[in-house]
Amino acid sequence: MNNYDNYDYFDLLEQKVCDDGAVLFTVKLNPDCSVYQGHFPGNPVCPGVCNINMIRRCIEHYTNKKLIISDIKQCRFTALITPIKQSILNLKAVITETESGYNVQGSVFDEKESFIEIKCMMYDV
Amino acid sequence: MTKSEALFVNEQIKELIPQRSPIMMVDTLYSATETEAVTGLTIAKDNLFCIEDKFTEPGLIEHIAQSASALAGYSARLIGKPAPVGFIGEVKKFHLVKFPSAGDTLTTHLNIISVVGNISLLQAETKVEDDTVCTVGMKIAIE
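Quick note, the sequences are listed as chains A and B, same order.
Counting from 1, position 92 in the first sequence corresponds to residue 92 in this note's numbering; the numbering is continuous, with no gaps.
Counting from 1, position 11 in the second sequence corresponds to residue 1011 in this note's numbering; the numbering is continuous, with no gaps.
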């Protein structure tokens, strides 16, 4: 996918619009990503901020726009994600267009549990 | 405050936080009390979170989370304990004012608002010189 990051964090496997209008993304985390050399040595745990960034990249892919996260109203991390235990993740996002960009309300989960709930605003560059 | 007056700088920060390259996002602990800390980061051009010489949102939030981690590590050290591992539990009311650039030095003022069990609630503001770049509230879980 079109990814500007300096680290190869994930691959977007699938993107589809659900019946309720939300967009469901399926991603595969890359356990060989360089971030795990430092987070943490010998104990790979996904940095929360990389997951926030992954959400942004998915929304960019869907909207086909380059987006800045101007505000995060709330982002709750309810369980740790590791690239080995949770290699495949879903992001379901309700994306609402605003005057300057998008309101995004999303959750990250797999078949077993929920990991992240986010409400944020992104605007076009 | 200058780096020469700081409590911990550069490599010494490794004594306070468990993160390592390429995701070490604090390079200075200027001052610390039980409930406040002032930290810094000079943004290298090859910083993991720099895109086209701008230091992006994930980098800013990680810098603030690691600032809290550095304060926790400093407090632990005072009582002879190793640096704990902290995780972001919640990001609240993050507001981005502007992206810092490669070469800029961030200064972050961090206040611990409350501590419940192993969860710290904090408020932070990051500046480049006198200009605010972002503000955020955060809950950090310290293991």
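Bear in mind the hints are in silico, worked out from the structure with no lab data behind them.
Glycine residues also receive a C-beta, built at the ideal position from the N, C-alpha and C atoms.
A hint or two may mislead.
As the list claims (entries may be wrong) - Here are the simulated DSBU-like cross-link-like pairs (lysine-lysine), alpha carbons at most 35 Å apart as the crow flies:
#1 A/K73 to A/K112
#2 A/K66 to B/K1081
#3 B/K1045 to A/K65
#4 B/K1003 to B/K1045
#5 B/K1003 to A/K85
#6 A/K65 to B/K1081
#7 A/K16 to A/K85
#8 A/K65 to A/K85
#9 B/K1127 to A/K66
#10 B/K1003 to A/K92
#11 A/K112 to B/K1045
#12 B/K1014 to A/K28
#13 A/K85 to A/K73
Unchecked claim - Here are a few chain A residues that face chain B, going by a calculated C-beta distance under 7 Å:
#14 Y4
#15 G38
#16 Q105
#17 F109
#18 Y123
Checklist entry - Where does the structure disagree with the numbered hints, that is, which hint numbers, in rising order? => result Violated: hints 2, 5, 6, 10, 11, 16, 17, 18.
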